[in-house]
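Peer 1: Sequence:
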Amino acid sequence: MKNLIKNFYSNNFIYKGKEKLSKLTILFIFFLNVFIFITLGLGIDFQIKVLNNPKVTFPSSCRTIINTNKVDDFNNYFYSSKNYSNKYQNIKNEEMDKRCNTLLYTKLKNVKTEHKIKDLREKQKKINSELNKVSNELTYLRENYNTVLFEKMSFQESSKSIIKDDISSNNIKAKYNLYLKQKEKLKKQKEDISKQFKNSKSVKELVLFVKDNKNQIKEDYKNLNKSYDIKRELITLLFLLPLLLISFYLMKKYLKNEKYTLYIMFKNITVVIFIPTLISFLALIYILMPKIFIEKVLKFFYELEVPFVVYYLVIAILVLIFGYLIVKIQKRYRENNKKLENNSISKIESFNKNICNKCFNKVDYNVMNFCPNCQNELKTKCSKCQKETIKGLSFCMYCSESIKS
Numbered sequence: 001m002k003n004l005i006k007n008f009y010s011n012n013f014i015y016k017g018k019e020k021l022s023k024l025t026i027l028f029i030f031f032l033n034v035f036i037f038i039t040l041g042l043g044i045d046f047q048i049k050v051l052n053n054p055k056v057t058f059p060s061s062c063r064t065i066i067n068t069n070k071v072d073d074f075n076n077y078f079y080s081s082k083n084y085s086n087k088y089q090n091i092k093n094e095e096m097d098k099r100c101n102t103l104l105y106t107k108l109k110n111v112k113t114e115h116k117i118k119d120l121r122e123k124q125k126k127i128n129s130e131l132n133k134v135s136n137e138l139t140y141l142r143e144n145y146n147t148v149l150f151e152k153m154s155f156q157e158s159s160k161s162i163i164k165d166d167i168s169s170n171n172i173k174a175k176y177n178l179y180l181k182q183k184e185k186l187k188k189q190k191e192d193i194s195k196q197f198k199n200s201k202s203v204k205e206l207v208l209f210v211k212d213n214k215n216q217i218k219e220d221y222k223n224l225n226k227s228y229d230i231k232r233e234l235i236t237l238l239f240l241l242p243l244l245l246i247s248f249y250l251m252k253k254y255l256k257n258e259k260y261t262l263y264i265m266f267k268n269i270t271v272v273i274f275i276p277t278l279i280s281f282l283a284l285i286y287i288l289m290p291k292i293f294i295e296k297v298l299k300f301f302y303e304l305e306v307p308f309v310v311y312y313l314v315i316a317i318l319v320l321i322f323g324y325l326i327v328k329i330q331k332r333y334r335e336n337n338k339k340l341e342n343n344s345i346s347k348i349e350s351f352n353k354n355i356c357n358k359c360f361n362k363v364d365y366n367v368m369n370f371c372p373n374c375q376n377e378l379k380t381k382c383s384k385c386q387k388e389t390i391k392g393l394s395f396c397m398y399c400s401e402s403i404k405s
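Numbering follows my numbering, in which position 358 of the sequence shown is assigned residue number 358; successive positions increment by one, without gaps.
Everything labelled a hint here was simulated from the structure, so no lab data went into it.
As the structure is a computational prediction, the values presented were derived from the model and not from experiment.
All residues carry an ideal CB built from backbone N, CA and C; glycine is no exception.
Treat the hints with care, as some may be off.
Ranges between beta-carbon positions, derived for each pair [to be verified]:
1) Gly41 to Ile326: 25 to 33 Å
2) Lys109 to Ile275: 30 to 38 Å
3) Thr64 to Lys259: 55 to 63 Å
Throw the hints in and build the complete structure from the sequences for me.
Peer 2: So, in structure tokens, the structure goes:
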């Protein structure tokens with residue numbers, strides 16, 4: 001399998017010609033890649049729009065109510081949110097699940113009609129403010145009780161007391177009990193508001209409806225989400241695969257015809273199309289793959305008494321993956337350098353820069369026959385004039401005879 005992939009890559013993605021691209025050509029190919037990648041994204045989004053999104057069928061407002069533990073608490077956000085009525089929202093409502101439609105536009109609406117949520121929250125806010133004040137007073141009395149007793153024992157005059165509100169040993173207990181009664185009264189008022197809301201007909205109907213449909217809506221949303229993900233990836237693959245095959249065919253064609261520039265252009269296009277195709281293919285496999293095995297593996301590591309083993313395993317996997325990639329990249333780099341050593345273009349560049357084409361150290365082609373660093377032969381004898389000329393160049397520097405001949 002490995003050799004098959006290697007041969008496929010070597011036969012289709014490696015061009016052994018000697019032509020080099022100009023910097024401007026490379027720049028335009030780069031911009032072409034960027035534009036194609038953006039266009040692919042727009043095309044995929046356009047194709048996916050034909051699907052019915054689960055978030056439209058089960059909108060966030062519906063899912064929020066379903067996932068809320070205390071539906072009968074008027075402090076929940078969904079009691080104050082507004083249901084927008086416009087052209088686009090009406091279209092979305094037609095695609096909405098009937099249970100969500102009933103929940104939002106019948107049950108929840110009835111609650112908002114029967115109760116003025118804003119007024120209830122204002123009342124609760126005032127009560128909470130009063131409760132906070134009373135609690136602060138009780139805390140103050142508890143913290144200063146010992147001070148009051150100490151002042152009494154020392155026969156200190158009340159006018160010189162450091163305690164505020166004329167609190168003394170005679171009235172501190174009475175004031176404390178009074179604040180306790182106020183606190184209980186405020187708590188009861190708060191509970192009465194909450195009970196009145198919870199026991200109302202509309203709220204009871206809402207709670208009952210949520211209880212009856214909660215599990216089924218969750219299950220339906222989960223199944224619809226999975227179905228949507230599968231359809232989305234299939235549509236993406238159907239959109240990308242023809243483009244991938246066409247670009248690969250053209251790349252192969254220009255490779256055979258030795259049209260280097262067009263080959264490089266379509267090679268880049270093929271890679272650009274291949275990336276989202278591969279991602280979509282892997283995403284589809286992940287969606288279809290049974291999750292039971294993964295869950296068992298995760299559960300096994302979670303239940304380990306030595307959880308640091310998980311981190312060791314992750315580090316080991318990362319080292320293996322990146323180590324393999326680093327070795328392969330370096331091996332390919334060495335192979336490419338060896339190929340360039342015998343390439344006439346690289347030899348001409350080395351001659352122009354006065355560097356050895358093998359080790360890239362500085363040399364003088366006029367006086368040196370060999371590189372002093374790597375023993376690379378710099379000159380060769382011309383078969384016609386028998387003089388030493390530059391090795392790797394096409395013609396003799398003295399008689400212009402072809403060195404190859």
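Peer 1: Now tell me if each hint is right for this structure.
Peer 2: Here is how each hint holds up against the structure:
| no. | hint | verdict |
| --- | --- | --- |
| 1 | Gly41 to Ile326: 25 to 33 Å | 31 Å, holds |
| 2 | Lys109 to Ile275: 30 to 38 Å | 48 Å, violated |
| 3 | Thr64 to Lys259: 55 to 63 Å | 59 Å, holds |
Hint compliance for this structure: hint 2 is the single one not met.
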